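Asks: Protein chains in written order, with our numbering: chain B, 1 to 311; chain Y, 1 to 418; chain A, 1 to 161.
By construction, these hints were calculated from the structure, which means they are not laboratory data.
Computed from a predicted structure; not experimentally measured.
Backbone N, C-alpha and C fix where the C-beta goes; we use that ideal spot for every residue, glycine too.
Treat each hint with caution, since some may be false.
For the chain Y half of the interface with chain B, some residues (derived, Cβ under 10 Å), not all of them [said to hold, decoys possible]:
hint, residue
1, P61
2, L62
3, S73
4, G157
5, V206
6, F239
7, Y393
Listed below are the simulated BS3-like cross-link pairs for lysine-lysine, each with C-alpha atoms no more than 25 Å apart in a straight line [as the list claims (entries may be wrong)]:
hint, chain 1, residue 1, chain 2, residue 2
8, B, K225, B, K207
9, B, K166, A, K158
10, A, K158, B, K207
11, B, K71, A, K119
12, A, K158, B, K209
13, B, K225, A, K119
14, Y, K414, Y, K265
15, A, K119, B, K213
16, B, K213, A, K158
17, B, K268, Y, K301
18, B, K71, B, K166
19, B, K223, A, K158
20, B, K207, A, K100
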Amino acid sequence: MPDKITRRSILKGGVAGSIASLLFRPKSSKAHQIKAYQNSMGVLVDLTRCVGCRSCEAACNAEQNMPEPAKPFTDMSVFDEGAHGHKRRTDETTLTVVNKYDVPGLDHPLFRKIQCNHCQEPACLTSCFVAAYTKTPEGAVIYNADVCVGCRTCMIACPFYIPTFKYSSAFDPKIVKCIFCYDTRLKYGQPPACVEACPQEALTFGKRKDLLKIGRRRIVDNKDKYEDHIYGEFEAGGTSWLYLSSVPFEKVGFDMTLPHQPILDSVKNFLGMVPMVLTIWPALFTGFHLLATRKEPHAKDENTTKQEVGE
Amino acid sequence: MKLFTSRDQQLPVTGSTKKDGTLWSLKERLFLGLSFDGYKQQMLRNPVNWFLFAILVVGLPLLLQRYGFGLGSVTHGSNDYPWGLVLGFGLFAMVPLSASGFLLGTTVCLFGRKDFHPIERLALLNGLLGYFFAVIYLEVDLGMPWRLPYPMVVSFGTGAVLFLVAWHVATYLSVQIAEVLPALFEWLDKPEWTYYIKRVTLGLTVAGIILSTLHQGALGALFTYAPAKIHPLWISTEFQWIHFLCSAIFAGLAMVIVSSTLIIKFLHWRCGKAFRENLDYMTIGLAKGASYAMITYLVIKLVAIAHDRNWEYLLTGWGLYYLLEIGIAVVLPMIMFAKGARDGWVGLIRVGAFITVIGIVWNRLNTSLVCFNWQMYQEIPHWKEVWLTVTLYAFYFITYRFIVYRLPIVFDWKESEK
Amino acid sequence: MKSFGKTAMMVLITLWMVSSAPPVTAMDPEDAPESVTLDYLEELYESVEFDHMTHAEMFSCADCHHHTTGDSATDDSCIRCHASPETADDVSCSGCHEEKQSGKARTSDGSNNIYHIDKPSLKGALHLQCMGCHQAESGPVECLDCHSFTAAGEERFKIKN
């Protein structure tokens, strides 16, 4: 009679549950600890200024020792190269990319630089189960290839499609993404290589909170020139890289459907439920077991019943 | 094998001793009581083996290619679709189909439904192998498979859903091994070893429920990291984990029906008396449970649409596709289950279970691939990735069959019978 | 430490200097320099000879300069502080636009310079000014229309010969 209910077997069920809850307790409570550093740096990208010279791409390539591109950075035919009917994106050989947009009703194309936006609460970071990502006080979201397992959840989670994976490598693959030139520049208070290279000053480096002021100022001072919105102020919980545009953002490839909360917020429904399951389930199901199995084995043996009641 | 069992009175091996009282040696047990030549003969006679062979001939070199030249050599290496078919099927579909272990464990052990006992071990095995192979699939898809234990020992991303999945799947895998071990011990003539496991059965079962609830739900919650990438009809940040958990219930039950159907049909010689005689009854019981889970699932799917105000999407092309999925993969088999359970039509239930299993795979692939990046483009997996996925499934099939052939899963070991 | 070294190498633009005495009248175009050598980007690019005279003949000074000698600024924001002609002595671009791009926006550096929080660096100011006009007036706009690469520039842009 392995299923005879004794106090001990109930305890066992409870103990298993308690062990489980002890084991997994930190999980949900630690979920929301990333602080938005007050003095973190950022970059304001002004689409009205960018002329698509690709100097930023060239500077990035040199600074980060990326592989040599198929075409020189002076070759503007790459703007037509995107795959699957979409514009170019970052991949394992490029950390930043400039794309060209022909906007109806505008006599000149607009250009948009993409790179890691260095979110305030990065989805890549919060989704990483080996804590390979770090948001530094300077604002950079950096990556530690030494602990990465290669699950690529960060790529799923990034709302901007930025992290890429070095699929070509069997023995040393890793995530490849812009790190705000953290190691070589940002750490020492210098702007990233792309910003320094930009001839048009379409990229402005500064404290994020100041960039927001500058952005608003440009919108106010140049009436009708800008959309009244700074992309990245709120998107996905706010990003360190901010964008100004003269046309509606969706016309230059920005995702305007992104939630204004950090991506993590949409996961919290589940995370909040975890401790409840861990604490309630053991008692609940052991209770069910008691209710469901009491009658039959006891009915036929009165001695056992007495014994059990007596216990 | 049918041929051999009809020819030789001693076969199949159902206990530790032969008719004459001598013990089956381990080698004989491994060869199913056949001579080496006989074993080879039955292997070659089976057309399924030739089919498996054809898969492996191409699949094994592909597997080597993956490990020698990287994931990019066998997949499209897409940065837009970081999770391809290998994970979409191998993890997201295999795990719900393996919920059977905890479901039947709960039914038999926790709710005391001894009438389902003859199928419990099959359900536990189905669960164990499903999880084990989900990990195998993961090992193929991970960029650095040699770092699989990192989330356990090196670096802890405690706030991440995947951290929870990793720990729970690992823990639950151990729980399931413990639950299936008694069959191995009996086969090895060491029934006394099961003593300690039997003592903690209830604890294991409760742990199984907790772990299953959480990681089945967590697999759904993983997709809530991409709320803007998946079509709104397939992602509901509030309800995703309940959708995945609830659908795993009928997926697991349907998978046991499918598995038991295949076994009773093609491995009839292997089935014990209790299994043979009670299977129809148990199938009806499982179908009943599955249909209740399905109606619950439909209701919470509906609640999710209402809550997220996604009604207008139902009228688009994606909406029709959604309704098609719900109709074929859930409503149709639900009706078949209900009808079959009421009128005792086991055949109808079995067809319904096949549809359900395919339907769950369909749903998980829809969530992870088809409706992922719905505003971008469709990723059609590289043929090598498809073949690799099939190859791993062939391994799963071979392992499954190997164990069912030998261990007392669908029959009772003679010495252990009371 | 790798510093702003690159920019430090960039030699300041050699522009004309106005006399220290405040001029009473505005400068005529003929008084302005014929040519300006822009060589502060010489790491990647050869220096550029800017034909000031040609531009001065085709456009009025105020089309490019915020103010001209002897006149006060015209921009509303500038006038608040720079109303007197004295502050307008220096009409060279580099007189106000620093060669280095500011690493930090100025509202945070403790000064009260609240009106200069978004002043472009010299590089930005020149490019924005030139490109803006060239785009509008259909002047040359490609990088290599004005610049030619140094060896380092060709290396940077991965130009294969």
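Asks: With reference to the structure, classify each hint as holding or not holding.
Replies: Consistency of the hints with the structure:
A least Cβ separation of about 15 Å between Y/P61 and chain B goes past the 10 Å threshold, and the interface hint is therefore violated. Here the hint on Y/L62 is broken, as its CB sits about 13 Å from the closest CB of chain B, past 10 Å. With 10 Å as the threshold, the beta carbon of Y/S73 comes within range of chain B, its nearest partner Cβ sitting at about 8 Å, so the hint holds. Proximity of Y/G157 to chain B holds as hinted, the smallest CB-CB distance being about 4 Å (cut-off 10 Å).
Interface hint status for Y/V206: upheld, as the beta-carbon distance to the closest one in chain B is roughly 4 Å, under 10 Å. The beta carbon of Y/F239 comes within 8 Å of a beta carbon in chain B, closer than 10 Å, and the hint placing it at the interface holds. At about 21 Å, the closest approach between the beta carbon of Y/Y393 and any beta carbon in chain B exceeds 10 Å, and the interface hint on this residue is violated. About 24 Å separates the Cα atoms of B/K225 and B/K207, which keeps this hinted pair within 25 Å; it holds.
Our distance criterion of 25 Å between C-alpha atoms is met by B/K166 and A/K158, whose separation comes to about 22 Å. Annotation: proposed proximity of A/K158 to B/K207 is violated, straight-line Cα distance about 32 Å (limit 25 Å). Only pairs whose Cα atoms come within 25 Å are accepted, and B/K71 paired with A/K119 is rejected, the gap being roughly 35 Å. At most 25 Å may separate the alpha-carbon atoms for a hinted pair to count; A/K158 and B/K209 exceed this at roughly 36 Å.
Pair hint B/K225 plus A/K119 holds up; C-alpha atoms about 18 Å apart against a cutoff of 25 Å. With a CA separation close to 23 Å, the supplied pair Y/K414 and Y/K265 stays within the 25 Å bound. The straight-line distance between the Cα atoms of A/K119 and B/K213 is roughly 13 Å, inside the 25 Å bound, and the hint therefore holds. Between the alpha carbons of B/K213 and A/K158 the distance comes to roughly 37 Å, so the proposed pair goes past 25 Å and is violated.
Restraint check for B/K268 and Y/K301: the C-alpha separation of about 19 Å stays at or below 25 Å, so the hint holds. Annotation: proposed proximity of B/K71 to B/K166 holds, straight-line Cα distance about 20 Å (limit 25 Å). Between B/K223 and A/K158 the alpha-carbon distance is near 40 Å, which puts this suggested pair outside the 25 Å criterion. This hinted pair checks out: B/K207 and A/K100 have alpha carbons roughly 17 Å apart, not beyond 25 Å.
Hint violations for this structure: numbers 1, 2, 7, 10, 11, 12, 16, 19, all remaining hints satisfied.
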